[in-house]
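Enquirer: Chain by chain, the residues:
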Amino acid sequence: MVPDPQRRLAGMARRTALIVGADDPADSIASGLADAGWVVLRIDDDDLMWDDHTIAAAFPDLDGLDLVVHARYPAASRRRGALMDLTDDDWRIRADEPFEATIRLARSAHPYLAGSAGTIVFLVPLMASAGGEGFAPMATAAEGARLLAKSLAKTWGHDHIRAHAITLDPSAFLAPDEAAGMAEANSLHDPPLGRVPDLSTEVAPIVNALTTDDFTSLLGASLVVDGGLWMPG
Amino acid sequence: MSATPTPPSPPVAGLLEGRVAIITGAGQGVGEGIADSMAQAGASVIIAARRAETGEPVAERIRNEGGNAAFVKCDVTVRADVDNAVDVAIERFGRLDVMVHNAVSPPGVPRPLQEIDDQTILLQIGTSTTASFYCAQAAFPHLKNDYGSLILLTSPAGIEGSGNLPLYGAIKGAQRGLLKSLAREWGPEGVRVNAIAPVAWTPAMDVATAANPTLEARLRGRTPLQRIGDPTADIGPVAVFLASPLSRHMTGQTLAVDGGRYLGL
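Going down the list, the sequences are from chains A and B. Quick note: the numbering used here has the first sequence finishing at residue 233, numbered continuously throughout. Quick note: the numbering used here has the second sequence finishing at residue 498, numbered continuously throughout.
Next comes chain A alone, as it looks inside the complex (with noise of 0.2 Å):
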C-alpha cells in the first residue's frame, strides 16, 4: 500500500500515536504530539507483562495507528546498580523483560500499522550507545531496541512501516544527579546549543516529522537528538 498524501493532508488530520511508558520522556512526547493535534493513546503501566492482545484490551475499537512510540523503562532499569551487585531477578526486570516487552510490543503493533502505513519509532538513552556505568541492564534493552528498529525498517518496508530510533540525553530517562554524571561520562563537552533539548516542543516535532510524507525515504534512522552533546562516529 502506497501512502496517500491526501489521506495525511485532508481525511487524517487527527491522526492517533500510541505512546508506551510512564514518565518522561513518555509524557512529554505525549504533551507534544497532543499540541500537535494528534489523538494520544497511552499505556503508561511499565510493569505490565506484554502480549499480543495488550493493545487490543486497552483500546478495543482501535483499527489502525499511524505512530507507536516506544519508551517502556520500568523504574527499576533507571537506577544505577553495580553490575556484580545485581541478583537475577534484578537483571529480569531490568533488562530481559524491558527487552522481552519491547519485541512484543512491536509485534502486536504491526497489523495496526501496517493498516495506516505508520511509523514507530523507538526513543533510547545515550547509554544505550555510548556506555553508561551503573545502567548495564537500561543500556542491554535499549540498544536492543535501537537494533530492533534498523532490523524492523528492513524487514516492514515491504509494509510500508517505517521504523526508527532517537537517542535522547540521559536526563530525558534519569534522575538529575544521575543524568548529569552520566553526560559527564560521555561528552569533553557541553551542549553546543548551551542545553539539551526540550522534550515536548524540540523533540516531539521531530517524531512528527518522521511521521510526515517528506520523510517517506528514511528507514531505521538512528538520530541522536541531544544538542549535540554526542556525536557518534
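Mixed in with the good hints there might be a few duds.
[Said to hold, decoys possible] Selected chain A positions facing chain B (in silico; Cβ < 10 Å): (1) L86; (2) D88; (3) F99; (4) R107; (5) H110; (6) A114; (7) G132; (8) A141; (9) L148; (10) S151; (11) W156; (12) A185; (13) G220.
[What the hints assert, rightly or not] Rough simulated footprint, nothing fancy, chain A against chain B, three-plus residues with beta-carbon under 8 Å: (14) 339 to 350; (15) 388 to 394; (16) 404 to 410.
Calculated from the structure, these hints are not laboratory results. The structure displayed is predicted, hence computed values, not measured ones. All C-beta atoms in this analysis are idealised placements derived from N, C-alpha and C, irrespective of residue type, glycine included.
Given the coordinates of chain A, work out where chain B should sit on it, guided by the hints.
Expert: This is chain B only, laid out in the frame that chain A set:
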C-alpha cells in the same frame, strides 16, 4: 569466480602463555575456532558446551595436539552451569583470565518479527543477554585479578540490523549495549570488555546456505575480501588479540571480522 587469495594463518604462539580461558559454545563453529586459536596461543582452555558429544571431542583433539583443554557441560541459560564452568577452570588450571561468551541459540530461518513465537524470543534472550550477564558476573572476580578480558560474540546484524533475522539483530545489538556499559564500569578495575562480530563458516551458516543456494555467492560478492571467514584461521586470532596485552588499550569495542562486508564506521 576464481579462488580468492588467502594469506596464511597469523602466528599466535605464546600470546596467551599461562592464561586460562573459558569459551562457551566451543563444541563447534566459531567457539571451536576460538578455542583452537587460544590453545595455540598457549592458553589453557575450558570447552564449555551444552552437549558432551560435541564438546568432549574438541577438548580431546586440543589435548592430542599438545594443548591444555577440559570439557565442561554448560547450558549458558542455567546460572549454576556457568558458575560451575568457572569453578572447573579454577580447579583445573588455577586461574581465569578470559571469558568468551559465544554460545547462541540458532537464529533459525528468516522470518518477520510478527511471525516469531514467544518460545523463540525467550530462548534468544536467554542465550544472549541473560547468559552474557551470567558469564560476566561469574568471571569478573577472577578477571580483575590480572587484567582479564570479557569477550562477547555479537554479529554484524547487531550493528546494522537484519531484515532476514530481525530478532537476532535486536538481541545481538542488546549484547553490544551491555558490553559498552561494562567497559565503562570495569575499566577502572583493569578489566576490558570487547566484542567480535564475525561472518564465518559455522554449522548455522551451513544450514543457511543449504536452504538458500544463492546465499554464499551473494555474501562473497558483497565482501571485499570475497570469502567467508574460517573460525580458526580468521576469527580465532582476533579473539586471541582481544585477550592478549596487544589490545591492552582497547575496551568497549566491537570488531567486525567479516572480510570487510560491513564498512559503516
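Enquirer: All the hints need checking, so say for each whether the structure fits it.
Expert: Tested hints:
1. Interface restraint check for A/L86: the shortest CB-CB distance to chain B comes to about 8 Å, inside 10 Å, so the restraint holds.
2. Hint status for A/D88: holds, given a least beta-carbon distance of 6 Å to chain B, under 10 Å.
3. At about 6 Å, the closest approach between the beta carbon of A/F99 and any beta carbon in chain B falls short of 10 Å, and the interface hint on this residue holds.
4. Proximity of A/R107 to chain B holds as hinted, the smallest CB-CB distance being about 5 Å (cut-off 10 Å).
5. Given hint, A/H110 at the interface with chain B, holds; its Cβ is 4 Å from that chain's nearest Cβ, closer than 10 Å.
6. About 9 Å separates the beta-carbon of A/A114 from the nearest beta-carbon of chain B, less than 10 Å, and the hint is met.
7. A hinted interface residue such as A/G132 counts as satisfied when its beta carbon comes closer than 10 Å to some beta carbon of chain B; here the least separation is about 5 Å, so the hint holds.
8. Of the supplied interface hints, the one on A/A141 holds, with its beta-carbon coming within about 7 Å of a beta-carbon of chain B, less than 10 Å.
9. Taking 10 Å as the C-beta contact cut-off toward chain B, the hint placing A/L148 at the interface holds, the least distance being around 4 Å.
10. Hint status for A/S151 relative to chain B: holds, with the closest Cβ pair at about 4 Å, below 10 Å.
11. Interface restraint check for A/W156: the shortest CB-CB distance to chain B comes to about 7 Å, inside 10 Å, so the restraint holds.
12. Below 10 Å, beta-carbon pairs count as interface contacts, and A/A185 has one with chain B at about 7 Å; its hint therefore holds.
13. Look at A/G220: its Cβ gets to within about 6 Å of chain B, closer than 10 Å, so that hint holds up.
14. Closer than 8 Å: that is the beta-carbon criterion, and the stretch 339 to 350 of chain B has 4 residues meeting it against chain A, so the requirement of 3 holds.
15. Counting residues of the stretch 388 to 394 of chain B whose beta carbon lies closer than 8 Å to any beta carbon of chain A gives 5, which reaches the threshold of three, so the coverage claim holds.
16. Taking a C-beta to C-beta cut-off of 8 Å, the stretch 404 to 410 of chain B contributes 7 residues in contact with chain A, enough for the three needed, and the coverage statement holds.
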